[in-house]
Amino acid sequence: MECKRVAVIGATGYTGIEVVRLLLNHPSVTIEYLSANQNTGLLSEIYPHILNDDLFVISTDEAYFDNLDAVFLCLPHGQSNRLVAKIPKKVKIIDLSADFRIKNLSLYEEWYGAHKSPDLVKGAVYGLSEIHIENIKTARLVACPGCYATAVLLPLLPLLGLGIVKEEHIIIDAKSGVSGAGRSLSSENLFCEVNGSVKAYKISNHRHIPEIEQEAGLILQKGVQDIKVQFVPHLIPINRGILCSMYLNLKENYSLDDINSKLRSFYKDAPFVAINANKSINIRSVVGTNQCQIGIFLGRVENSIVVVSAIDNLLKGAAGQALQNFNIMFSFDEMTGLSNIPFYP
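With full-length UniProt numbering as the guide, the letters of the sequence shown map in order to residues 1 to 345.
Some hints could be false.
[Stated by the list, open to error] Taking CB as the label site, the calculated pair distances span: (1) Ser117 with Glu188: 27 to 33 angstroms; (2) Thr138 with Asn189: 35 to 41 angstroms; (3) Trp111 with Asn276: 31 to 37 angstroms; (4) Cys3 with Lys166: 45 to 51 angstroms; (5) Asp226 with Arg264: 26 to 32 angstroms; (6) Asn276 with Arg5: 35 to 41 angstroms; (7) Arg5 with Pro342: 28 to 34 angstroms; (8) Asn303 with Pro48: 52 to 58 angstroms; (9) Val232 with Asn67: 43 to 49 angstroms; (10) Tyr64 with Ala200: 40 to 46 angstroms.
Please keep in mind that the hints were generated in silico from the structure rather than gathered at the bench.
Glycine included, C-beta positions come from ideal geometry on N, C-alpha and C.
Work the whole structure out from these sequences, hints included.
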């Protein structure tokens, strides 16, 4: 198949450099150029682990789009929605920021501020690959989900959509490695601040909440304000990975075998989602991969379950899912460039 010409905007952040690393292993991709707001020059001097002396990072102000098939936008929120207006309609866009995830513009503005390209929001497809694959196939603009949202929604949406769990009293406890905060300097993310500690932060106020509630509402065919979740994120002293625990109430007295069977059937064609019955779920099993591992356990409260999921926040939660969406958009096998197994130990 003909190689697709791509560019990565924001290539020197943690997410951007992971996109670059994955693209270098994709047999049907030619990287036209990389750009960044800072850290321009030879990429191997910025990131010595990229042993390629042909890749240069230009300033994002110099970015061009006419000869591209696709562009990956790895920019902070508020920057992608200013840039997309300059991109020709023939170029497909995979956006890893939050700028096109939320369909309700007033809700977006409540959490992120004014939107610079509101006319493009309606046509954007929320890029949770396994859930919206049919729409992603024909999309021009895909908005990749947030990392926490991915870890939450992959187990939660089928449980809601299949009528297994109640929509009320959804409690989510999630823990992420420090790379989830990005590469920008922050005193809160210094080694001495993070090492040897665990911190709950942005309790009930994390920006991934509206997209979780949006997608839960959509699968239940309810309005955006009709679903509310309790969400508490934590920062843990590891580089990468998310472990998410959800506490849910069953609609009926389902057995674990029933639930596992229904989830396996739901994800039977999903190569990156594994339902691991009666096994512990841990970050080590997914780091370095595009996998999401899910475990279902009985709760001690009658008719309740505990759902645990694990992903690599930089891969299934960002760059890996972005490449998976790229593959879907261009009719490549979903696993192209993404078939690596976890690091161990």
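These are the hints, each one checked on the structure:
no.: 1; hint: Ser117 with Glu188: 27 to 33 angstroms; verdict: holds (31 angstroms)
no.: 2; hint: Thr138 with Asn189: 35 to 41 angstroms; verdict: holds (39 angstroms)
no.: 3; hint: Trp111 with Asn276: 31 to 37 angstroms; verdict: holds (33 angstroms)
no.: 4; hint: Cys3 with Lys166: 45 to 51 angstroms; verdict: holds (48 angstroms)
no.: 5; hint: Asp226 with Arg264: 26 to 32 angstroms; verdict: holds (29 angstroms)
no.: 6; hint: Asn276 with Arg5: 35 to 41 angstroms; verdict: holds (39 angstroms)
no.: 7; hint: Arg5 with Pro342: 28 to 34 angstroms; verdict: holds (31 angstroms)
no.: 8; hint: Asn303 with Pro48: 52 to 58 angstroms; verdict: holds (54 angstroms)
no.: 9; hint: Val232 with Asn67: 43 to 49 angstroms; verdict: holds (46 angstroms)
no.: 10; hint: Tyr64 with Ala200: 40 to 46 angstroms; verdict: holds (44 angstroms)
Comparing the model with each numbered hint stated earlier shows that all of them hold.
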